[in-house]
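There are 2 protein chains.
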Amino acid sequence: MKIEKKFFQHLRKGSFFKEHEKILVAFSGGGDSVSLVQLLLSVQNVYHLDIHLAYVNHDLRKTSLEEERFVRQFASQYNLPLHVKKWQEGKKLTSGIEVSARNFRYDFFAELLKREHFTKLLTAHHADDLTETIVMKLIRGSHFFRLSSLSERRKFQHSELIRLLLPFSKSELEEYLQEKNQHFIFDESNESSKYFRNRVRNEVLPFIKKENPAYVQAMNNFSKTNEYLRQFLQKTAQGFFKENLKKNTLSGLKFLSREERFIYLMMFFENRLEINKHQLEETLNLLEGKQFPKEVQLTNGNILQIHADNVTIL
Amino acid sequence: MKIEKKFFQHLRKGSFFKEHEKILVAFSGGGDSVSLVQLLLSVQNVYHLDIHLAYVNHDLRKTSLEEERFVRQFASQYNLPLHVKKWQEGKKLTSGIEVSARNFRYDFFAELLKREHFTKLLTAHHADDLTETIVMKLIRGSHFFRLSSLSERRKFQHSELIRLLLPFSKSELEEYLQEKNQHFIFDESNESSKYFRNRVRNEVLPFIKKENPAYVQAMNNFSKTNEYLRQFLQKTAQGFFKENLKKNTLSGLKFLSREERFIYLMMFFENRLEINKHQLEETLNLLEGKQFPKEVQLTNGNILQIHADNVTIL
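Chains A and B, in that order, give the protein sequences. Residue numbering for the first sequence follows my numbering, beginning at 1 and increasing consecutively. Residue numbering for the second sequence follows my numbering, beginning at 1 and increasing consecutively.
Check the hints yourself; a few may be wrong.
Calculated pairs, BS3-like style, for lysine-lysine (alpha carbon to alpha carbon, straight line, at most 30 Å) [said to hold, decoys possible]:
| id | chain 1 | residue 1 | chain 2 | residue 2 |
| --- | --- | --- | --- | --- |
| 1 | B | Lys254 | A | Lys242 |
| 2 | A | Lys235 | B | Lys242 |
| 3 | B | Lys294 | B | Lys13 |
| 4 | B | Lys294 | A | Lys155 |
| 5 | B | Lys224 | A | Lys224 |
| 6 | A | Lys254 | B | Lys114 |
| 7 | A | Lys224 | B | Lys13 |
| 8 | B | Lys235 | A | Lys18 |
| 9 | A | Lys180 | A | Lys210 |
Some chain B residues near chain A, calculated using beta-carbon distances under 7 Å [said to hold, decoys possible]:
| id | residue |
| --- | --- |
| 10 | Ile139 |
| 11 | Ser151 |
| 12 | Asn226 |
Just so you know, these hints were derived from the structure itself, not from any lab. Just so it is clear, CB atoms sit at the ideal spot from N, CA and C, and this is done for glycine as well.
With the rest of the complex left out, here is chain A:
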């Protein structure tokens, strides 16, 4: 089967696993995670992976009972240890429900990783998810290197989160399951135009696929290059700060061009302080002025006080 070969080559090229690792798959019973497990099973006799599944019953849908039944049956059919948790707070559908549900899932995964000593957490994000994320962020407004947050691998707790399906399109995965005659749970909330992601999926993705049949490669390249860039900028900025800045001051920026200032300022605030592009631009303008002290009002109530040769956060 063509896709299994491609998956195997992807695994080898990326050196994602050693043999005999104990890995945890975030499993929903949907097509994406069912594909991921099937593909992992296809390399089972090469890597001898100890595959566990983690399933959260969000209890949000009428079909949750049926879903959990399918998940339990799937796990037992393939003899895979299954970890199940029910989300109790899920009873009322609030607007922040997606974020809460996500946090709940990842807390559960973190707890399992720690308790059961898994070496990797695997999620089933694929090229269509990646594309959606990039388009959503672009439309909502985002920095260049924030345009994708679905990196192929990133630290997660003391372990690693790996997304092995990014080089695969959703239709490729669906075809695979069809060929294998493998049943999966259809999540009708994926269709609802209540969510921004679904609207992007239904209204923009078809356009992108039609205009660029090689969108999977394009989006993966884009995402990877952005990740390189983020790491490059972080390292460059750290080096600069180490040499030029006292803690929480920006005096070392004085002799730079506006472009350099902007990038260093952005990296300076990254992870330190919530600052939006407008405030960043304002800070930049103030730094270039001559009268001090000056103040920038930040979103979270903080005030940035700019003196002639340093910056204080109040």
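Chain A is already provided as a structure; the job is to place chain B on it using the hints.
Same frame as chain A, now just chain B:
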């Protein structure tokens, strides 16, 4: 009128003009360039600009005669010197026609700038053009900082090309012309789904506007930040190359992380050699290997030969 005030503030904030400059406007008679001229006329008594129009009759459309008549009448109504050129090659519609037409226009502008000593060239690109460009490049596959090429100002010959309408949406401009009861030429080729840009305009732009009514600000921020980034990377890379590299060799890259290597390699090839992302990645992999020499076949027939401590372009 609100938009004229916004335009005036934009001009002041950006310090685009001194008084009494002699400027050339790329004029098509369409809504965008008519808006630009009207807005420039609204600041006429502040900046005392000497405004000239440059019009190319592409002779591609049946309506070209009517179009040229409108352009001549508009110029004489507002007493603006008009420079007209007819495109002779335009008789057969080939697939590369858009690029040829564009080259012809800019050659004409360059010729005028030189002959008549204009200090600025102005085009009427607005926020919708910017958004279309970003979306097109994203879909077709592009580097992070290449995602927008519509910068607010850039060098053009010995002069400068300025896009003053980027902070304005197309609908804002159309409303303005309607209020002023100002006629303009409707270019029906803007509707044709033969062109990728038009398909993006008709199928994706409405979605973006609906999802983010502040898309003008978002796209302008994105574009500006990308421009800062491009300049930052260029400067950082130049500094690095100056210290570490002999001409056309990459030996200085040896002691860097993969991310740094990637970015420096990308900047190294930028403007030097046509190299795509796949070839860049291949070069990167080869540089990390141990056996030399190695070769990467480039698109344009060049071969990149990688030795243990240098790189040759054959």
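Can we keep the Ser151/B interface hint, with Cβ of chain A closer than 7 Å?
Hint violated; Ser151/B Cβ to chain A Cβ min 12 Å, cut 7 Å.
If you draw a straight line from the CA of Lys294/B to the CA of Lys13/B, is it 30 Å or shorter?
53 Å, violated
Is the hint on Ile139/B kept, meaning its closest Cβ partner in chain A is under 7 Å away?
Since the shortest Cβ distance to chain A is 5 Å, the answer is holds.
When you check the alpha-carbon spacing of Lys235/A and Lys242/B, does it fall within 30 Å?
It holds: about 20 Å lies between the C-alpha atoms, which stays within 30 Å.
Hint check: Lys235/B vs Lys18/A, CA-CA at most 30 Å. Holds or violated?
41 Å, violated
Between Lys254/B and Lys242/A, is the straight-line Cα distance small enough, at 30 Å or below?
Cα-Cα ~23 Å, so holds.
With a cut-off of 30 Å on the C-alpha distance, tell me whether Lys224/B and Lys224/A pass.
22 Å, holds
Starting from Lys224/A, check that the Cα of Lys13/B is at most 30 Å away, please.
37 Å, violated
Straight-line Cα separation of Lys254/A and Lys114/B no greater than 30 Å?
Violated: Lys254/A and Lys114/B sit about 38 Å apart, past 30 Å.
Does the structure keep Lys180/A and Lys210/A at a Cα separation of 30 Å or less?
At roughly 27 Å apart (the allowed maximum being 30 Å), Lys210/A and Lys180/A satisfy the hint.
Given the hint that Lys294/B pairs with Lys155/A, does the C-alpha gap stay at or below 30 Å?
Between Lys294/B and Lys155/A the Cα gap is close to 34 Å, so the pair fails against 30 Å, i.e. violated.
Under 7 Å, Cβ to Cβ, is where Asn226/B needs to be relative to chain A, so tell me if that hint holds or is violated.
With Cβ-Cβ at 6 Å, under 7 Å, it holds.
Checked against the numbered hints above, the structure breaks hints 3, 4, 6, 7, 8 and 11 and satisfies the rest.
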